[in-house]
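Quick note, the sequences are listed as chains A and B, same order.
Under this note's numbering, read the first sequence as residues 1 to 657, first letter to last.
Under this note's numbering, read the second sequence as residues 1 to 250, first letter to last.
These aren't lab readings, by the way, just hints derived from the structure by calculation.
Keep in mind the model is a prediction, meaning the values are calculated, not measured.
Ideal Cβ positions, reconstructed from N, Cα and C, are used throughout, including at glycine.
Take these hints with a grain of salt, some might be off.
One side only, chain A facing chain B, incomplete, derived with CB under 8 Å [as the list claims (entries may be wrong)]:
#1 V132
#2 S235
#3 S330
#4 M383
#5 F386
#6 L389
#7 G407
#8 L435
#9 H444
#10 T457
#11 I464
#12 M468
#13 R550
#14 Y629
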Amino acid sequence: MSATATSPTPHTTTAPHTPPPASGLQRFRVAGWYRAALGLFLGVAFCIGLDVLVRLAYGDHPVYSGDAVWMVSLLGAPFGFLIGLGCFDYWFYWAAGRPSRPEDHSSHGAYSWKDYFRVNTDHKVIGTQYVVTSFFFFFVGGLIAMLMRAELAQPGLQFVDSSTFNGLFSVHASLLIFLFIIPVFAGLANFVLPLMIGAPDMAFPRLNALSFWLLPVAGVMMLLSFLAPGGPFASGWTAYAPLSTTQPVGQMFFTIAVQFAGASSIATALNFLVTIITMRAPGMSFWRMPLLVWANFSTSLLVVIATPFIAASQFFVLLDRGLGFHFFDSAVASHANGDVLMYQHVFWFYSHPAVYIMMLPGFGIVSEIIAVKARKPIFGYRMMAFSLLAIVVLGFTVWAHHMFVSGMQGWIRVPMMITTAIIAVPTGIKIFSWLATLWKGVLHLDTPMLFALGFLTMFTLGGISGVMLAMIPFTIHVSDTYFIVAHIHYVLFGGSLFTIFAGVYYWFPKMTGRMFDERLGKIHFWTTFVFFNLTFAPMHLIGIEGMPRRVADYAQQFAGWNLAISIASFFLGLSSLIFLWNIVTSWRGGPRAAANPWRALTLEWQVSSPPPVFNFDRVPTVVGGPYEYGVPGAVHGIFKPAETATAEARPQPAGGH
Amino acid sequence: MSAESRRESGGRQDYLRVAVVIVLASLVTIPIALLIHWFPTQASVESRKIDTLYDVLLIFSVPMFWLVATTVLFSVWRWRMRPGEEELDGPPIHGNTRLEVVWTAFPAVMMVGLCTYAFVTLHSIEKTHRHMTVEVMAQQFAFRYTYPDGPGGKPFSTNDLYVPTGEQVEFKVHAKDVLHDFWVPAFRLKTDAVPGITTAIKVTPSRVGTYAVVCAELCGLGHALMRSTVHVVPPEQFKTWLAKQKTTGA
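Looking at chain B on its own, in the form it has when it is part of the complex (with noise of 0.2 Å):
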């Protein structure tokens, strides 16, 4: 590269074809993440909520790596150094406050928007609705169920959890020793089992199946191994289920 061409370098020209390497690069490449098989099943509603708001948030991610890279690769590929060009010097360009201004301004507005669409979700994920209650008590190395309202309006308690499709549930968490959490990521909810305090999650089932439910917050030895399952069935099977299940006492 000459003295000459680098000087004239850097122009309308090499920006607009920057710009079309991002463009470009966005447009296939977006689409490929999108149809990336990341989630496991969706078996709430509150999961297709967050596995769009993923898909967004993938959208606006791929051109902004497209930018950072394929600005390194353009300026590495025009402007690396060639043989005889070892005493060169760049061109002693300082700053340029408008583009400052607007590459601070950009993101700040992004990120406002970003922010207002997932407190949007958020919000609606942890809407209440007409719900029953599900207590759930973790321990090492085991998570057991109580439903307040079982048969004759006594609770009873099972290590099987079924909750019903269409209704909304209220898992009230507690734990007896260590931290520990209720995950299940078929419903994309979880929280963390914390002594002394109930925390508590909404899910929505929305599709019958058997799931799993995980430990995700380190609590010992058996950690790998805190496992359970939840079963998601229709309406008149959970009341079914309810009616055979005998009364243990609280």
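One chain only, chain A, in its complex shape (with noise of 0.2 Å):
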């Protein structure tokens, strides 16, 4: 164990600079939640006001639209709120020539919880101000699942209306994916990332806070739909035009609420490129990287190429719906000579490298998990960093396999078939690699490595229902039926959400400094993998059978199936109270973690749990591979002796037992 294991916790510490807080109106001109509601409401009375003068100006009546203030308070309100919480501080005190702040560091570490609720430009903070905000839209997402399985426990239409059900899977797809997946993935990276590669903290760590707090808004934005006039979005979360561009205002709420977590997604991901590319500590090269590292630095390519297409796709929408222009209007009656296709090309530009933005971080997580719970090294470890590459190019040449049915040209569905059935090469090196990990190990069978091993059979029948998609006349067929309900779930929840699972039980000790429930953690995964199969198996067959999916009523030949599915997602929906429970309580009183349960060779082991305010007091030393587990006298990283150090102080093998 290394000297730094000793290091006091940030929670034990006191805050290296606190100013006193502030009173009365003062309260309003710090940064702070005062100020950001003052912002907020001095943002949409200035929308309102630029709306009302355009009006003005062109003639309009009535001089006053609600649609129009939505659009414009939507997209400019939510800067006021960052303004006022104190996102932009330094720069425009910068910007200002004021003397902006020497760093004094006031804004590292957290020593109580309303530093969660501050601007903090720790990136273990955010790390985790991250994961809890994103958990919290999982279980709004999870809840509205519950409402949407309730109305298709029977045929007819029951609890919502047709409306309301159309906007009930919008949110959830939408919450689940942009709120959920993609930022709780950037969340656990951006705390152990930079713990891994040496470094103390991320390159950029105002943009960084900037970017969590993105989120907040985006979701918030998603959820308002339900209250916005007219209902919430109900396009689904592909947003297909022209549909979205001719929906009530609740559209808006996606489209907008999407540019803000996409600039969240871009922004994070140059911080991890920057980071990974120029932080890395003496010795770390790239191939002596953790998988972790490697696939968040595939997963950011993919990030800052694939997500500016998203957000184009939906400016247009935007631009079509607001301000009349014609880029997908090409109904009969409007004569306009739009591109309805186009946008599903430039959504799916996006869309398609996003699942993969979905899953390559789970890649690393796995990895992590599965070397350390095997007690052996990666099987084939450079493959396995290869292999992220080549899904990143790959990535970017199946797009159209989600139109197959679309009408485009029908030549382009070939290539298309060939370079999505060509992906599976790649996901296979990665399955077959962890495989012979596991092959001859001393298996560790705890929590995170049964979420590990059931994402590795689950993952493995969505892959195989993703083959079947590939093959043309197949799709032609099950191509928006329950079918694809059930592939994606089989992907993202089999695959991504098993493995946010099984990385928060992993590095849960590193981030509270607390052990979890082990008992409990057990329960929570077979509740969840049990019920998981049973809730989206059937899907396939009632897919195939002919039941289309985002319909709110059907036929009445699916009602047994429908009604099973729907008991065994209300169990499902339970078992992820246990994990609650356990997170919850043992975050409160759990007993303590030691630096390093797990016996990991990586780097963020060998500080303490939790790390210091500055991760590493010594700066570490990369000599050797990440996974030299079983190899005798094999280090990762060795902590150099301080200049002021003792002669006690030898070089430390990092890791060792």
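Reassemble the complex: the two chains are provided individually, in unrelated frames, and hints are given to aid placement.
As structure tokens, then:
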């Protein structure tokens, strides 16, 4: 165990610099929630004023249009909130030529729960903010799924009308994709990635804070759409034009929220790229990086290249709906020459790579866990890294497989089928390498490992149905059916979510300094595993039998299976409460975690749990690979003795027993 | 498990055990998978070919699943940590180039094979024969059908879709407002109805009966209720039906 493990935890030290709490009107002048509320108010007022002025200038009647005010406010008011909260303070001081506050690290570390509700530049605090916020939206999205399954338990309409139902599945998918899976991976990586490469923080801490605070803006906006006149956005998470461009104003809550979530993704990805490229500890060559770092490097490449495309597609929708552009307007009545298929091409050019944005970080998590818990080096480390890069490249060549029945030119389907099937090759390399890592290992079957193994088998099923879906003639029949719903849930629930659970359990001791309840963890795994399969496996069948997706009502012949699916899904929902209970109680009063409870070699385990505010009191030097388990005397990183250290502080092997 | 037997495990005998389980499990589950009544009625020539493609995919998929599941379960059974092994590490195996080449090449060959077969199937179901044409107009939330060659050679429109068996029918699909999708599950074929362009599918109905037409692309409030029916009738009956229709103009 390294000497740094004895460093005081942030919770037991006091903040280096605590400004006296503001009171009275002063509260509206310092960065914080009071000023954020004021900023939001002023933002809305400014947007209403701007809107009324422009309409006056153009002579529009009526001068006040609720629809226009909503759209402009959704775009503008969040900036008032973010400025009020203090996300831009440093840059504004600098731009105005005023003395920017010297970096006193007062916004680093968290010393009370309140620090998690401030603009904080500590990557560990931001990581925790990300994970907790995303899990809030996970539970909201899950509750929405429960409402949908209640409606679908029987044919006919019982609980909600079809308008609300269309809103429910649209918000469900949007929240869980844009506010849960993508950001929760970014959050976990935010916490552990700088530690893993031996960096004191991310490359751009202020940008990192801004990236986080864009998220709640996007999430709250999507949820608020339920209060919008005309109901929530109801054209699916795909928001296909021209349905999306002709919807009530609730649609704009999606269109604009995606811009905020997307900007957050892009900024974080840039941050990861620069951090990984420039801030690795001495000796940490690319080929000594843990696979989680490789996975986030690959994911970030995907994000910076692909995410601008969804931003563009949603700006097109915004312009079509708000300002009467005709990008996608090809309705018979309008005589416009818009191109409806263009939306789908631009959208899927992001949204197919997005599937890998939602999976590659999970591959990284599972690689960490399987190596540590099987006590063996990752089998074929270099191929594991290369296959990630292969998926990045191939991921950009398959988007039109979502459009096999869209009416695009027929010949393009065949090359897209081939590239789609070929992606199974690098993915297969990963799965086989994990299996070979298990072979002859010493398997510690605790909660993180169970979720990793559950991921291996369930993701294989999702991959198999994915290969089936590459085959054009079969897809012509099953596209837009429950077979697709089954496939994406095997990939995103059995795949991504299982790796997220695995990762949260695995790094819980590092993030909170506490151990979780292993028995509850195991119960959580088994209930989730069983009810996940009972919920989603039958969807393959009813899909092939002919049940379309995104319907509130369905033919009598599917009634039996749907009832069974709904019952299973309620138990699946309940199983996540075990997780919630375990995490909350363990965080509050679980046993203290040791620095390295899993005997892992990677650097994040060589510092205390939770880590010191600046991660490493002494910069580590990396001298070997990250997964040298079973190699006698192998070392990944060492902490060189400090100048003032006494003679006994020899270079120490990190992660020794 | 003693350290000795751990060292000796994972050899030829264990490979053989895993292989036997994969083969046995596949032999049991492939017939079950094929016996499951997956598809709705086969009512077109194309549906038979698509169902066969799915059967072939199942035959390839099931062993792939058992390969992964068996290896995971076998490793758990054979090499899980036993009491007293808390500090033990596995053997430092970093890779095996031959094995990695095999598991890169084998799936690649399999994928190329499956794609070739799928391409052949696609080619055969989309081949054009002598055919009649039906225009489909999709709008929120109904389908309307136009026969260009009604009685007297004039087009007429109807809400009832009738097609004869044994003759290829080309459905030319249009959309008036937003995206829809013209899908007949019993034919296994669908295409989006896209404003501004005409899309098409070609079907050769083969079985007399009445089947559902389903809108399969989210099109708004009434999407779940946007349904129609297709009546597949013998050719003579189709001629009689056609003759009875009043010409309504295009």
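Now the hints, each set against the structure:
no.: 1; hint: V132; verdict: 32 Å, violated
no.: 2; hint: S235; verdict: 6 Å, holds
no.: 3; hint: S330; verdict: 3 Å, holds
no.: 4; hint: M383; verdict: 6 Å, holds
no.: 5; hint: F386; verdict: 10 Å, violated
no.: 6; hint: L389; verdict: 14 Å, violated
no.: 7; hint: G407; verdict: 4 Å, holds
no.: 8; hint: L435; verdict: 5 Å, holds
no.: 9; hint: H444; verdict: 5 Å, holds
no.: 10; hint: T457; verdict: 5 Å, holds
no.: 11; hint: I464; verdict: 5 Å, holds
no.: 12; hint: M468; verdict: 5 Å, holds
no.: 13; hint: R550; verdict: 5 Å, holds
no.: 14; hint: Y629; verdict: 5 Å, holds
Hints 1, 5 and 6 from the earlier list are contradicted by this structure; the remaining hints agree with it.
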